[in-house]
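K.L.:
Sequence:
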Amino acid sequence: MQHWHFSETAYPDLPDPDDYSSIRVTLPNGLVDPVHAAGLWDRYIREWQVADECGLNVMVNEHHSTATCMNSVAPVVAGVLARVTSKARILLLGNPVANRKDPVRVAEEMALVDLLSHGRLEVGFVKGVPYEIAATNTKPIGMTERMWEAIEIITRAWSTHDGPFNWEGEFFHHRQVNIWPRPFQQPAPPVWVTAVSPGSAARVADNDFTIGTFLTGLEGTRRVFREYRDRLAETGKPAAGEEKFGYAALVYTGRTDEEGLEGARKLLWYIHSNKVATEFLYPPGYIPYQARAAGLRARSAIGDPALLPGQGGRVSKDLSTMSLEELIEKGIVFAGSPATVAGQLERFYEHVGGFGNLLLMGQAGHLTHEETVRGLRIFAEDVVPRLDRVTDPVTV
Numbered sequence: 029m030q031h032w033h034f035s036e037t038a039y040p041d042l043p044d045p046d047d048y049s050s051i052r053v054t055l056p057n058g059l060v061d062p063v064h065a066a067g068l069w070d071r072y073i074r075e076w077q078v079a080d081e082c083g084l085n086v087m088v089n090e091h092h093s094t095a096t097c098m099n100s101v102a103p104v105v106a107g108v109l110a111r112v113t114s115k116a117r118i119l120l121l122g123n124p125v126a127n128r129k130d131p132v133r134v135a136e137e138m139a140l141v142d143l144l145s146h147g148r149l150e151v152g153f154v155k156g157v158p159y160e161i162a163a164t165n166t167k168p169i170g171m172t173e174r175m176w177e178a179i180e181i182i183t184r185a186w187s188t189h190d191g192p193f194n195w196e197g198e199f200f201h202h203r204q205v206n207i208w209p210r211p212f213q214q215p216a217p218p219v220w221v222t223a224v225s226p227g228s229a230a231r232v233a234d235n236d237f238t239i240g241t242f243l244t245g246l247e248g249t250r251r252v253f254r255e256y257r258d259r260l261a262e263t264g265k266p267a268a269g270e271e272k273f274g275y276a277a278l279v280y281t282g283r284t285d286e287e288g289l290e291g292a293r294k295l296l297w298y299i300h301s302n303k304v305a306t307e308f309l310y311p312p313g314y315i316p317y318q319a320r321a322a323g324l325r326a327r328s329a330i331g332d333p334a335l336l337p338g339q340g341g342r343v344s345k346d347l348s349t350m351s352l353e354e355l356i357e358k359g360i361v362f363a364g365s366p367a368t369v370a371g372q373l374e375r376f377y378e379h380v381g382g383f384g385n386l387l388l389m390g391q392a393g394h395l396t397h398e399e400t401v402r403g404l405r406i407f408a409e410d411v412v413p414r415l416d417r418v419t420d421p422v423t424v
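Using our numbering, read the sequence shown as starting at 29 and increasing by one per residue.
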């Protein structure tokens, strides 16, 4: 199994949440102290370097107009990591290409980062969260189709070496596509696509891409992974190796259970701080109308006030109302001593049918640099060997 240190690079020093209506889109950037933000970036980059030193891989993502994630230009940060790390694979999960007007530029950015890293880049693509429709002035209808057309252009640009090609699609129109330079990895860097509902998994499987899912828990993750595997069987393709599956969760390992749980409570800032004004939650057309209607009918039937976004209309208790113990039980958080965390992950691994990539969100909110580094080192030194005995028994 591969392990990836993931940080959303938050700016957590904010007023009381009662003083603002939304942490996304409308929170004034006047709240940012540039000197403090620069210092936070110094520590976040250092934490990725520690992960590299510990034998872990590194992961970055991208969000816009929010204090939950200061990384609004992930290719820039990936380029920095390409030069300040030496061994780690670098996963950018991901490029919100449905919100980008020029996929050829994305192909160029990723090719350059792959060269800078000497072939350590893994390129992820995401549809993008609904809150950023307003921030990027994107049309919410047809975003999935736009994402897949962009991916097709990008992967073709990477692998075409005999001169320009033209592209006339439904969403994009390009003349003389001929990127310089081309990627270090040939024929192309590994590609990931995210999915948080089973309905999104089949197309990822059709393209033999790695599928990544985030905070979907034991049952949600098993459904997504099963749909991927079932699609391969349905189309007559060989079964996928575990390296084709990735799961992201909040993870903190302490020297004792008490220390691990205390670190995890600080990580929950990520869940509890995600205050979003209603008007940004469900842009018309972002969720297919069939799924939205099914979700509304289910909520009406049982009086459940909340849906977990992206679950294809499945009713779920809101993550922000769950206790830490509930989140651990559901496989959304892994926390405790090394033995406890390894046991939680072994249970998850068996339940979902195996997976080969664990994306560890081990830094969030007010978790200090020292606490973050300690959690990373303990995980690398004491949890990874225990997991290897389960996930890679032949090599141990």
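These are calculated hints, taken from the structure and not from any lab test.
C-beta atoms are modelled at their ideal positions from N, C-alpha and C, and glycine is treated no differently.
Just so you know, not all the hints are guaranteed correct.
As the list claims (entries may be wrong) - With a Cα cut of at most 30 Å, we get these calculated BS3-like pairs of lysine-lysine: (1) K303 / K358; (2) K129 / K167; (3) K303 / K129; (4) K167 / K303; (5) K358 / K294.
What the hints assert, rightly or not - Simulated DEER-style distance windows between Cβ atoms: (6) G313 / G67: 21 to 27 Å; (7) E354 / E81: 33 to 39 Å; (8) T172 / H397: 22 to 28 Å.
K.L.:
All hints are to be evaluated individually against the structure, with a verdict given for each.
P.N.:
Quick rundown of the hints versus the structure:
1. K303 / K358: holds, 22 Å
2. K129 / K167: At roughly 11 Å apart (the allowed maximum being 30 Å), K167 and K129 satisfy the hint.
3. K303 / K129: Since the Cα atoms of K303 and K129 sit roughly 28 Å apart, the hinted pair holds (cutoff 30 Å).
4. K167 / K303: Roughly 23 Å separates the two Cα atoms, so the pair holds.
5. K358 / K294: holds, 18 Å
6. G313 / G67: 21 to 27 Å: violated, 41 Å
7. E354 / E81: 33 to 39 Å: At 34 Å between Cβs, range holds.
8. T172 / H397: 22 to 28 Å: violated, 38 Å
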